[in-house]
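J.: Below, each chain spelled out in residue letters.
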Amino acid sequence: NAGVTQTPKFRILKIGQSMTLQCTQDMNHNYMYWYRQDPGMGLKLIYYSVGAGITDKGEVPNGYNVSRSTTEDFPLRLELAAPSQTSVYFCASLQGISDYNEQFFGPGTRLTVL
Amino acid sequence: KQEVTQIPAALSVPEGENLVLNCSFTDSAIYNLQWFRQDPGKGLTSLLLIQSSQREQTSGRLNASLDKSSGRSTLYIAASQPGDSATYLCAVKGGGGTSYGKLTFGQGTILTVHP
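Protein chains in written order, with the numbering used here: chain C, 1 to 114; chain D, 115 to 229.
If you're looking for bench data, these hints aren't it; they were derived computationally from the structure. Any given hint could be a false lead.
[As the list claims (entries may be wrong)] Sample of chain D residues at the chain C side, in silico, Cβ under 10 Å:
no., residue
1, L163
2, S213
3, Y214
4, G222
C-beta: ideal position from N, C-alpha, C; glycine also.
The following block holds chain D by itself, in its conformation from the complex (with noise of 0.2 Å):
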């Protein structure tokens, strides 16, 4: 069964910093990973989609990285500003005939950055 975890599950941060946050899977059979930003009480916006063949995945100040093989992703966030906190999930599309597209989520950072 695939288990998904985020590290740290809490991050607080001064403005203008460079962070990561981590993310991990216990079966490396998957189709691709995508990481997710969810807005207190709101819905959840897709950031990056990283396909299972790819190494990373830029948008603006956002790179995500995968390394398959040990089963990680990192999703780096460049020159952090407060309208960047919020809640990041990742998660990962099972492998195999039988996933049929299913996500398995981590549990989620909870990201502050103060002015």
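Bound-form chain C, shown alone (with noise of 0.2 Å):
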């Protein structure tokens, strides 16, 4: 049970170029979750899952796009990278939303852009 994974760990990318952060769970979790943390700062919500299929917006998604075909799997696209999208991104997921859940967190993907 490797609970919540994602990949890469870090990575460096020039303005303008796209890439994929990779969150897997097997936790067999309906809802997930991206969420970038600035320096100094706390996490903020970027984009959210209820389930397979079903997406929707966090207060920060200027930038990014995110899928969920499949219960594991909740991916965020970056499409055109800006320096101000250099953060830390955290991938999260929850079993339900009742108040003895407690979310889960993935180990972070630390984002530089140049």
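Please assemble the complex out of the two chains, which come individually in their own frames, going by the hints.
T.: Here it is, written out as structure tokens:
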């Protein structure tokens, strides 16, 4: 049981390049989330999904896209990388929205856009 | 819109001291509140989760309290150690049918415990 895994761990992009951040969970959780964390700040929600085929925007979705074709995978796509997207990206999953369920986080992807 | 604030932003204490970290939130309609620890350059480690119906949770030297009506939570660390040095984040899970388990985070408290 690996929990939530993310690849890659580190990446440097040039302005205008595109990439996909991968996220996989093996806990059969319906809910999945992408957050970004800028230096010295808390995490902000980019996109989330409540199940396969269903996604919605969070607080800071501009410049990103997501898809959810399976329960396990929730990739985050950056189409035209900009320096403002330099951040650490965390994926998380959740079994249910009741008050005793906690979110489980992946180890993060550190992205630098130059 | 839920807003979460953590005070202080940074805290430096000598080893052995008891300390309190504060977290406040603007919307009391929450499902739960989580406290996380984050070491430099690392991911998040969940420390404690307090359900909306609970007043406090304890794990070892950590005790977290929740006062939903006033929108406040505290994380109490007893007998602090240098190994406790990290950033501590609190996050609330919004209540209501459209929250979908989303977390709103505070900006964190950077704790340094010096020998």
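J.: Run the structure past the numbered hints and jot down the numbers of the failing ones, going up.
T.: none
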